[in-house]
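Enquirer: Residues per chain, in single letters:
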Amino acid sequence: MAVGMLAARRGAAWWAGLRPRTRRGLAAWGFALPFLIVFAAFLGGPVLAALGMSFTDLRSTDLRDPLGVNIIGFDNYLRLFGDEVFGQALVNTGVFVLGSVPLTVVSALAVALALNRGVTRLRTFFRVGYYLPVVTSIVAVAVVWRFLLEPDTGLVNSVLRSVGIEGPHWLDDPAFAMPSIIVMTAWRGMGFMMVVFLAGLQAIPRTVYEAAEVDGAGRWQRFRHITLPLLRPTMLFAVVVTTIGQVQFVEEPFVMTRGGPLNQTLSVSMDVYNQFGFGNYGYASAMSYALFVVIVALTVVWFRLLRSAR
Amino acid sequence: MRTRRSWAVAVAAMTVSLVTACGRDGGEPGPEAARPVDAGAARGELIVWAMGTEGEKLSELARDFEAANPEAKVNVTAIPWDDAHDKIATAIAGRQTPDVSLVGTTYMAEFARSGALDPTPSIIDGQAFFPGAWDTTVVNGTSYGVPWYVETRLLYYRTDLARRAGVSPPSGWPELTAFARSMRDAAGAQWGLNLQAGGEGTWQNFMPFAWQAGASITDPGGKQFTLDTPAMIEALEFYKSFFSGSLSPTTAPRPGELEQGFVDGSYAAFFSGPWHIELVREQGGPDFAANWSVARMPRRVAGTSFVGGGDLAVFKDARNRDAAWKFVRYLTQPEVQVTWYESVGDLPSVKSAWQDARLSGDPLLKTFGDQLNEAVSPPAIATWEQVASVLDTQVERVVRGVSSPADAARAMQAEATAIGTGF
Amino acid sequence: MTPIVGAVTGSPSSRRPFRGARGWLYAVLSLGLVGFAGPFVWMVASAFKPETELRRVPPTWLPDSVTLDNFRAIFVDLDFPTYFTNSVIVAAGVTLGNLALCSMLGYALAKIDFPGRRLLFALVVGTLMVPSMVTFVPQFVLVSQFGLVNTYPGLVLPLLALAGPLGVFLMRQYMSELPDELIDAARIDGAGEIRIFLRIVLPLSRPALATLTIVTFLGTWNNFLIPLVMAQTEDKYTMPVALALYSVGQNSTQFGLLMAGAVVVVVPVLVLFVALQRYFVQGIAMTGIK
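Chains as they are written, first to last, in the working numbering: chain A, 4 to 313; chain B, 2 to 424; chain C, 21 to 310.
One or more of the hints may lead you astray.
[What the hints assert, rightly or not] Reference listing, derived: stretches of chain A covered by chain B, where coverage requires no fewer than 3 residues with Cβ under 8 angstroms from a Cβ of chain B: (1) 60 to 67; (2) 166 to 173; (3) 261 to 273.
Hints were generated in silico from the structure; no laboratory data involved.
Think of the CB as a built atom: it goes at the ideal place given N, C-alpha and C, for glycine as much as any other residue.
Okay, chain A solo, but in the shape it has when bound (with noise of 0.2 angstroms):
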């Protein structure tokens, strides 16, 4: 007992003889530790793993014996850029990113915004009303949106048919398989993201708003120079976090299309989830690390266009 607390006094002493800057960085690292520890180990080291696994020729077979593969360098790497059914899924992915964001974004700030201030009475029910998409069994959300898309009873082909307007096989034409992906997984997407945007939009001081109609400040002017320069943080977070998600979309084509029709809605995350079914490990590995390279570069695309002005 009295040695513990003789021990505690001389840490204590210790640390305060020590300079600030070394007690800060000392602090930051304690700080660190604990999440480094769990991260370390269960994560940064099967990413390794996993990156070692794409230089090699690894397949499920050989599980028994992993060390008892080939080092084939790059050359699943280089298969990729010969491999036909990858390309289709690397401009699959590419498209519906390109749709899906964007609609996911601007749906999101809408709805984010017209609860916040818009609405008073019924703001909780709308706000979950808005979120059960994120958490409604995929399963019953394949039903209904196959439903809503049948070509000939859905809902969607009998509002077009009564303004005269044939609808297409929407699932099954490969025109429109994609468009339909691409608007479902928005739908699903946009809970996350408008609950983010609602806890940006209340961290933003009420007194700032006030000071700027004082000033005679348009509700556009208010939005433009305020509430979005504001945003910018919690913005970047949210669309960086829906963007990579996005980008490994294959629940939703995964259930609806299986990636058909003919592959035009295969993504990359589904093909490479294809690969690991076949066993083809070191494959599998590259093509995701393929896929990696393209969500850094997004993501630098991102913190580029959104980081904050200070």
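For this one, chain A is given, so just place chains B and C on it according to the hints.
Expert: Below, chains B and C alone, put in the same frame as chain A:
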């Protein structure tokens, strides 16, 4: 500075040793000899994995086994069907396999090739099983595991509509086309025959036709693919003719739509396995029973159907190997196979079990049993899933008119050869 | 709630035309709500339908015949208490762990100037961009090396590691927007980093913590692959695994069970969401008073 350099040296050394440690040994593994199993009752704890309903109901059968082997204790863990492959593969990687597991027939070769499965010992007689089913366990000349239950595909059709149209179950290919056409034109069905137009699993609808035409996926040795043959092209053309002739829909029916359509007459016929007996009965009710039946595959060069099902495999890392094989042998006794059928509805893989009145007395089941004598499984190669996906894609291209049958057959052969057999 | 509204509605003179606009807003939002909440309502209604009705095409909305069979199958036939408890333990463990670890690292990255902070942030967020599918097999091998297969830590730690980078990203972004003056003043006063963190930064970060709670809980609660692989015996299965097990067969799916299961699984998430919703509102008062 010094610490940084020594770090670099350490990392370099580790990388070099890792790189030189890697590398395949040349040569191909040959047939493996099975180790014997001791005589006497089973003892100790046994860990068994099985999927879905089989997993739930297996515990009941296990009680009987425990009664006959008092010192043994069987632990059954049920795992989900869709992800069983991933779970078993990761278990193999982490050396955390059970003693016995149910394995889908198309995965056997992959797991056997990884060295995770134990060769079947002599206490099991391979001759007792349907040959097509037994073949699913034979990889590179050695048998790993046994077929537990089987399924095969038959033609489900409306007997009353057929009577109205004046046709009987088709015996050959021209008869099948005429059958479907009459169902549509004379009996008022919207689709004379439902076939899968594309997507995952199309090969299960298509390959029987290819086999009937005399085509085969690999040569008899199982080393080379033989997909670009006149028989394959003939089968592709035949398959496509149903779609171009508006006898089959290019859009797949939604879940539930096929059974409903079969009962209300919009889908006159389709190919499927034994599980649809219950589904059709449920949909149509007791009064509907007289209006439908099943028929064997049409003949071209042969009247072949697809055989699938589930195999039982024992793992090399099993902690209780002897008890495992004894449990497997128990499950393949004819009486136990029939009891299993009554409990879960899975068809026995053991030929003699079919002589039991409960199976031979039911006309629908009897047809399944007959077809099992002329049913083939895809080759037991480690790369089957990927090759199957190639087949699915190429058949879809033919059906949608994007590829000609000849081009598709050539593409199939080229892509499958590029994938290889994994040996 | 109401004081905020005043800022938006503007001066009294413009209140009249505004009411029309407000009405339109409600109308549009309600229409949108139908679109967004529709499938969920269908899911709940379908949980009460018998299997034969669920297979019917076209699908029905409200149940033609109401049955409790699906729910009975879940609560009675399945070992519901075990699976639900496991889900709670795992999700709560991961969420609490994530809140603690990510806020700590987020604070360090946002407000403490130390060597290597940029690189550390890039590395951590970098792994967020690695498709998670690829870490699957190595992660399992690692967990079995640690002897943690089929244990609660074996379920929690991989999920915690997976959820971590997102949490760090969120907390760091949020905390970096907190005013430096408050923290610098405290430092000058001689407060240690721990005290600053606990007394100043954490209370100010509540909206972010609330968001992180929802996101982590949802992701973990619905996670299927990790519990599937890390659990070797059924007594460690979580709800999603148990549901997949009982509703999907080799050749057919039991939709009723699947829907009822989905409803049961969604209830805790919604409860959490609604509870934290009110939190956001309280959060306003905190940031308003400065």
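Enquirer: Now tell me, hint by hint, if it's right for this structure.
Expert: Consistency of the hints with the structure:
{"no.": "1", "hint": "60 to 67", "result": "holds (count 6)"}
{"no.": "2", "hint": "166 to 173", "result": "violated (count 1)"}
{"no.": "3", "hint": "261 to 273", "result": "holds (count 5)"}
Going down the numbered hints, you'll see the structure goes against just number 2.
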